[in-house]
Amino acid sequence: MKRRETMGGLERKRSRWGWIFVAPGLIFFSVFSFYPMINAIWTSFFNKRLLSLKQPVFIGLQNYIRVLGSEDFWNSARATAMFTIGVFVPLFVLSLLFAALITSMRRGKRMVQAALYSPAVLSSVVAALIWLLMLDPRGLANQFVNWLAMTPGIDHRWLSDATMVQVSTMIVYIWKYLGYFTILFVTGIGKIPDSVNEAATIDGAGPIRRFFSITLPLLRPTTVLVSVMIIIQCMKTFSTQYLFTQGGAPLGPINVITLNIYNTAMRDLNIGKASVMSTILFLFMLGLTWLQLRFSREDEAGL
Amino acid sequence: MNIASKSGIAAASLRGVTFMVVCGIVLVPLLFMAGASLMPAIDIMHMPYRWIPQTWKPANFLRALAGNDGAWMYLRNILNSIIVSTTIAVSTVLLSSMVGYGLAKFNFRGKNIVFMAIMATMMIPFETVMVPLYLIIVKAGMQNTYAGLIVPFLMNAFGVFIMRQYLITFPTEMLDAARIDGCSEPRIFSDIVFRNSGPAIATLAVLSFRQQWDNLLWPLLVSQKEEMKTIPAYIVKFAAEKYADEGAMMAVAVIASLPMFVLFFSLSKYFLGGSAVYQAGKE
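If you read the sequences in order, they're chains W and A. The opening position of the first sequence corresponds to residue 11 in this note's numbering, with each subsequent residue numbered one higher. The opening position of the second sequence corresponds to residue -6 in this note's numbering, with each subsequent residue numbered one higher.
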């Protein structure tokens, strides 16, 4: 009995140390994550201006009605959706393809990976800046495409045409992240036991058949993870679009939601409206993360 | 058999050629950056483009550092980036390993709720909280200060997650032995746990450093003064200026990228093929 009591005391002492170690985290995340999050939702119901001394007025759902009824918001939703789809499909397919090819290589794996990965090391701003120069009317991009299509002297208006400027931002992004997601896939494929592939080879399955019948189904945890990561990152894209518009590209076609939030808050000083868009973005991401968690739990159950 | 191996060789060499082309295309913009940083602006926009500079112009780097107005602001902004990113890397490592240790090696009521709550913050996009965060900083009078640039990033949920996962496998017997020897809890943490978490700490430090080196949005909000800007904000300003010289622009880009290239490729064994990459590409 006595012994048990001292154990209890020790346990209590230990658990107190646990709290002490965790405390900085609790304080930090309360102040810099939870409070701002609640504040953003709260502000979305107020008619609040940035740094204004006037007392903000509660206006209920009016901000939401105004935002959801404005063309500007739907244009941003469209820009973000287009960007996400336009990046997702090629990025997913290409990185999976390269990962499959890399794993089947005998020599030079590391070199290829390093080469593909090197753009991911750059800052997003630097990546956008390089492409800004290459996409100039007199730049490399026009020369290369004209050489390929044998159409000398045509300007493809990479940075001025409404459609082309969207394509340009997608190119920058795909270029920058290709190596990064390829490596994620390579890691995922590496986790598939060799024995499964060997068995299939003995059964006479060719490389393409093996890829679709074995690699792809067994890779599902990685494909779910990569898909959600690409989508979440695309929805948060900011630097490329910001630099392009600063460099003279038209704002409308690439006015993605994050850029719109930034401009609404910092240029128009309308925090209420910016908070509405922030809240909508948050709800969207929450949904995506929930989907990912559900899928990954299913996978665990399946194993 | 002979035919099979021949077709195998053909397939392998086809793959090799494909890869060389792909890698070439991926590397072209990097070569362009390196080459153009040493060329006069007229040559960069020359048609057809000449890869080897006709006239060398290393003065681009001088112009990049001096700025278009000759105020040498880039040097100051590079220093800012180094200060901010280093401080954040150090504090992230320290605080995350503390919290991660608390979550991995202690039992207390509500531990799981604490862990879930911290993990939940990963779902909050920075864009959602940036305006309230900015208002906090304004209220605290930390605009245009290092504190304003650093404090909101002192630690992050991802760091806590990495450290917790790493420390869960840490041998508990070692901790108990130290306790029996009368070692205090803070000493156990600093002398035993922290000293023996090298790989996880290195990875986390590099990733946090890089994330801040790349951060554009927050410095745009917090630093209105030129001398408190960081590299990404300087790049945007430099590129948007009317009389910006293309060669100098690329020199600015090269200077901003070199430290990252050195850092990543000297540690490439962690980043090519490790799970560390998971966070590396985050914007």
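Treat the hints as calculated values from the structure; they're not laboratory data. We put the CB at the ideal spot given by N, CA and C, even for glycine. Please note: incorrect hints may appear among the correct ones.
Output of the computed footprint for chain A on chain W, the stretches with three or more beta carbons under 8 Å from beta carbons of chain A [as the list claims (entries may be wrong)]:
#1 39 to 53
#2 290 to 299
Label-pair distances were calculated between CB atoms; the ranges are [what the hints assert, rightly or not]:
#3 W:Ile164 with A:Trp44: 47 to 57 Å
#4 W:Leu20 with A:Ile106: 16 to 26 Å
#5 A:Arg188 with W:Leu111: 39 to 49 Å
#6 A:Asn105 with W:Ile30: 17 to 27 Å
#7 A:Asp62 with W:Gly200: 50 to 60 Å
#8 W:Met121 with A:Arg102: 45 to 55 Å
#9 A:Met40 with W:Gly214: 37 to 47 Å
#10 A:Ile161 with W:Ser170: 46 to 56 Å
#11 A:Asp62 with W:Met121: 23 to 33 Å
Below, in silico cross-link-like pairs of lysine-lysine (DSS-like), each with a Cα-Cα straight-line distance of 30 Å or less [stated by the list, open to error]:
#12 W:Lys201 with W:Lys119
#13 A:Lys218 with A:Lys230
#14 A:Lys50 with W:Lys23
#15 A:Lys50 with A:Lys132
#16 W:Lys64 with A:Lys104
#17 A:Lys218 with W:Lys64
#18 A:Lys132 with W:Lys246
#19 A:Lys132 with A:Lys230
#20 A:Lys50 with A:Lys230
#21 W:Lys246 with A:Lys98
#22 A:Lys218 with W:Lys201
#23 W:Lys23 with A:Lys104
#24 W:Lys246 with A:Lys50
A quick look at each hint next to the structure:
1. 39 to 53: holds (count 11)
2. 290 to 299: Holds, because 5 residues of the stretch 290 to 299 of chain W bring their Cβ atoms closer than 8 Å to Cβ atoms of chain A.
3. W:Ile164 with A:Trp44: 47 to 57 Å: 22 Å, violated
4. W:Leu20 with A:Ile106: 16 to 26 Å: 23 Å Cβ-Cβ, so the 16 to 26 Å window holds.
5. A:Arg188 with W:Leu111: 39 to 49 Å: Holds, since A:Arg188 and W:Leu111 (Cβ atoms, about 42 Å apart) stay within the stated range.
6. A:Asn105 with W:Ile30: 17 to 27 Å: 18 Å, holds
7. A:Asp62 with W:Gly200: 50 to 60 Å: 52 Å, holds
8. W:Met121 with A:Arg102: 45 to 55 Å: Roughly 53 Å apart at Cβ, these two residues keep to the hinted range, so it holds.
9. A:Met40 with W:Gly214: 37 to 47 Å: With a Cβ separation near 54 Å, A:Met40 and W:Gly214 fall outside 37 to 47 Å, so the hint is violated.
10. A:Ile161 with W:Ser170: 46 to 56 Å: 54 Å, holds
11. A:Asp62 with W:Met121: 23 to 33 Å: Since A:Asp62 and W:Met121 have Cβ atoms about 43 Å apart, the given range 23 to 33 Å is violated.
12. W:Lys201 with W:Lys119: Holds - the C-alpha atoms of W:Lys119 and W:Lys201 are around 16 Å apart, at most 30 Å.
13. A:Lys218 with A:Lys230: 12 Å, holds
14. A:Lys50 with W:Lys23: Distance ~67 Å between A:Lys50 and W:Lys23 Cα, so the pair is violated.
15. A:Lys50 with A:Lys132: 47 Å, violated
16. W:Lys64 with A:Lys104: Cα-Cα ~43 Å, so violated.
17. A:Lys218 with W:Lys64: 26 Å, holds
18. A:Lys132 with W:Lys246: OK: A:Lys132 and W:Lys246 at ~27 Å, within 30 Å.
19. A:Lys132 with A:Lys230: Distance ~27 Å between A:Lys132 and A:Lys230 Cα, so the pair holds.
20. A:Lys50 with A:Lys230: 22 Å, holds
21. W:Lys246 with A:Lys98: 35 Å, violated
22. A:Lys218 with W:Lys201: Cα-Cα ~50 Å, so violated.
23. W:Lys23 with A:Lys104: Satisfied, since the Cα-Cα distance of roughly 15 Å is no more than 30 Å.
24. W:Lys246 with A:Lys50: Answer violated: W:Lys246 to A:Lys50 is near 38 Å, above 30 Å.
Figure legend: structure checked against the earlier numbered hints; hints not met, in rising order: 3, 9, 11, 14, 15, 16, 21, 22, 24.
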